[in-house]
Amino acid sequence: MPRIPRFHHIQSIPRALPLPGLRVTFLMALAALVALAALSVLPVGPALAETTATGGDKMVEQADENIVEEVIVTESRYDENEALNLSNITGEELDLRQPDLPIPMLLQDLPGVFSYSDAGSNLGYTYVKIRGFDQRRVGVLVNGIPFNDPEDHQLWWVDMPDLAGSVQDIQVQRGVTNGMGGLTAMGGTINIMTEPLGAEEGGRASLSTGSYGFGRQMLKYQTGDLKGGFRSGLRISRQDCDGYRDRTGVDQWGVFWTGEHRGENATTTVNIYTGREVTQHAWNAVPQSVLENDRTHNPETYPNAVDDFTQPHYELHNEAYLNDRMTLKNSVYYTQGEGFYENFKDGKDAADFALDQRLGLAPDDEVDLVRRKYVRKDQVGWVPRLLVEHDRGRLVVGGDVYTFHSNHWGRVMSVAGYDPGQLIGPEHKYHEYTGDKDAYNIYLNDRYQLSDSFTLMADLQFQHKTYDFMQREVGNFRGLDRHAYSVDYDFFNPKGGARWQPGSLFGGQVAFFGSVGINHREPTDNELFDTWDDATDLGVHPLFNRSRVVYKADGTTPDYVEWSDPQIQEEKVIDYELGFSWVGDDLSFTLGGYYMDFRDEIVPYGGVNDEGYGIRGNAAKTLHRGLELGLRARVTPRSVLAVAASRSWDEFKEFDFYDWDGSHADLSGKPIALFPEYLASVALTTAWNEGVQSQFRMRASGRQYLDNTGNDERTIDSWATLDFSIWANLDRLGLGDLENARFFLHLRNLNGAEYETQGYYYGENYLIPAAGRNMMVGVDYDF
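Letter by letter, the sequence shown follows residues 1209 to 1991 of our numbering.
Any given hint might turn out to be false.
Said to hold, decoys possible - Straight-line distance between alpha carbons at most 25 Å, and here's what the computed DMTMM-like set of lysine to aspartate or glutamate pairs gives:
id, residue 1, residue 2
1, K1537, D1586
2, K1878, D1867
3, K1829, D1794
4, K1760, E1921
5, K1553, D1586
6, K1428, D1808
7, K1553, D1564
8, K1556, E1640
9, K1435, E1408
10, K1581, D1450
11, K1581, D1557
12, K1585, D1644
13, K1537, E1527
14, K1585, D1742
15, K1878, D1805
16, K1878, D1864
17, K1878, D1808
18, K1581, D1516
19, K1780, D1808
20, K1861, E1770
21, K1673, D1808
22, K1581, D1644
23, K1435, E1468
24, K1673, E1546
25, K1637, D1564
26, K1585, D1516
27, K1585, D1762
28, K1760, E1770
29, K1581, E1640
30, K1585, E1640
31, K1585, D1696
32, K1780, E1921
33, K1581, D1745
34, K1780, D1676
35, K1760, D1564
36, K1878, E1921
37, K1673, D1644
38, K1537, D1696
Hints are computed from structural coordinates only; laboratory data are not their basis. As the structure is a computational prediction, the values presented were derived from the model and not from experiment.
With the hints as constraints, model all of the structure from the sequences given.
So, in structure tokens, the structure goes:
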């Protein structure tokens, strides 16, 4: 029967080389509960670990009986023998990083990672950046299956409630990612593995509550081994929160079911996970002049401004062991999303919503209305791969093929001064368009060990993608106001690297690693349309150079306009990586550097369109340089210090910017908007006694420019916060009947910092505020 892990939780420890017989154990922690009563707010983070290698010394002397499982290394992941910048978060570590939070919030203590939420309360719409690249340029794999939306490249974490409650471990790869998994990520890749089923029956119940009306209830159960080699498991979760900002509440439920059959030479696993989220709009930033007196302000005042969405995922995985050296894996998946968001619009032209037709108004009559925008998306894919272990390493040959279809439409729900039932029915669509994307990629990845100390890595990938866009003949989207286009992309993305492990230096094991990779990314659907508007706006056409009119059957009536030769080009990068690691008895660290040379990078212009999406376009030449540090030190027999830090320089080398009014500016040499200058996380974790553990953690972020002018007045200021956490096994506190229960308390932003995490410039600074002092408390019980 599973038991609550007794804090066997580990921060990613940089290791210079693979250590045979690596054994990681975790210390118990004893916290002074009386002293904690003087504190009144808190969060979470890493814990203590003991690492023992065959022929090596212990980093920490006191040991718990628990042995940490290694992070799963699969064909879509890299092990620590690769020439890459990567960080691993084990399942035990996730168990103490508040698994009731969205995935982005669990990654904040890794080098180069920045996370935030619109609502300021860590729930709802959450986002992650790696090296400053927003999540459209961060790839995500779940069980080896691509997670990014094929159309807008986004990661809608809000649609996967409590996914972290079913996660086994996470690997974050920084820099361009090619090949394995079929992604072409620029900033990095987040590779998530969900929990495997255990052989024993058991489960867990979890309850937590906290500031801003936060609440979470979770129950999961697994059957253990059943007859015929079957296993099954189910998790059910619900969480809700009012949000830190006004009218930014979220209500979510989630389900994750796994079924597994283990045969003599093959394993088949089925995962079905889904959920529903109803989230109030929080994506509008606040003018800085308002924020100075009202930290919780939300410009959205319409009471039913909500996002309502459901996205079930279906996965079928088969792993066949062909012989001692060859394994064939196949994954088939289907993702289906459907929902809408609703908001109020005032002073809009009647023609934009086809109300001139429905209500007999003049096209330019202004109306106040409530509208809904709906979407339905379907994606079916297949991910095959063959793993071959050879005398000098491992070869992976694989690919990914999918077909994707989306249907977007809008309806007017009510108009001020008119009876909705009289003239405006649910059948009234004022716009509709479809998107169809077909893609495949093939790749080859080989790790070749030249000697015991020198390893080479080669990765070759070819991608083909086709996207077809068509506006339907709906409302006033007719004739010359109706548009279509089709784009094709072919990318070849090679990557190579080396790792050298020369041996011992100053009592520690040393490793040097480096790589060079080429990557491409095609524009999203929004980036291909008008820079300041989108496909739902009447009278706006795609950003293409050539067009032709397609006529109806009579040969004289325009049917639609077909566009070709897009103005927004795919972005291209050469990424150079170099790093060094050193592992000693009481100290280990990794220091890495990167140099990313871009052509036609798709960059933020520093403003947003009518829907709240950032406006973007190509910059001829850009450069991203940076340093990343991961450090871990045993500072006392009971305490471990973990540090993650990064510093980056992100600038335009050649960029002629043309604003919406036609004005021109040469922005060469200016910093790129919305890239934090530095990031840091420093955590001190102490094992006070067996069963109780505490952690103090400081997080900091450097300034971010809100636009590309380099104007120091248009920035998000740097900030720092202090958090505190405690975990306690209740049986160690004298509650012997609760030996499988664990209490936790997280106090966040103890210093009461008033800070912002995201924003844009639109005549003045617009900012997204983060929460002040807040807390979370809860209990887990294993059975």
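Hints, one by one, checked against the model:
no., hint, result
1, K1537 to D1586, "holds (24 Å)"
2, K1878 to D1867, "holds (16 Å)"
3, K1829 to D1794, "violated (44 Å)"
4, K1760 to E1921, "violated (54 Å)"
5, K1553 to D1586, "violated (29 Å)"
6, K1428 to D1808, "violated (47 Å)"
7, K1553 to D1564, "holds (16 Å)"
8, K1556 to E1640, "holds (19 Å)"
9, K1435 to E1408, "holds (13 Å)"
10, K1581 to D1450, "holds (24 Å)"
11, K1581 to D1557, "holds (17 Å)"
12, K1585 to D1644, "holds (10 Å)"
13, K1537 to E1527, "holds (5 Å)"
14, K1585 to D1742, "holds (18 Å)"
15, K1878 to D1805, "holds (15 Å)"
16, K1878 to D1864, "holds (11 Å)"
17, K1878 to D1808, "holds (16 Å)"
18, K1581 to D1516, "holds (10 Å)"
19, K1780 to D1808, "holds (7 Å)"
20, K1861 to E1770, "violated (35 Å)"
21, K1673 to D1808, "holds (19 Å)"
22, K1581 to D1644, "holds (19 Å)"
23, K1435 to E1468, "holds (12 Å)"
24, K1673 to E1546, "holds (24 Å)"
25, K1637 to D1564, "holds (13 Å)"
26, K1585 to D1516, "holds (14 Å)"
27, K1585 to D1762, "violated (34 Å)"
28, K1760 to E1770, "holds (13 Å)"
29, K1581 to E1640, "holds (10 Å)"
30, K1585 to E1640, "holds (14 Å)"
31, K1585 to D1696, "holds (20 Å)"
32, K1780 to E1921, "violated (31 Å)"
33, K1581 to D1745, "holds (12 Å)"
34, K1780 to D1676, "holds (22 Å)"
35, K1760 to D1564, "holds (24 Å)"
36, K1878 to E1921, "holds (14 Å)"
37, K1673 to D1644, "holds (11 Å)"
38, K1537 to D1696, "violated (29 Å)"
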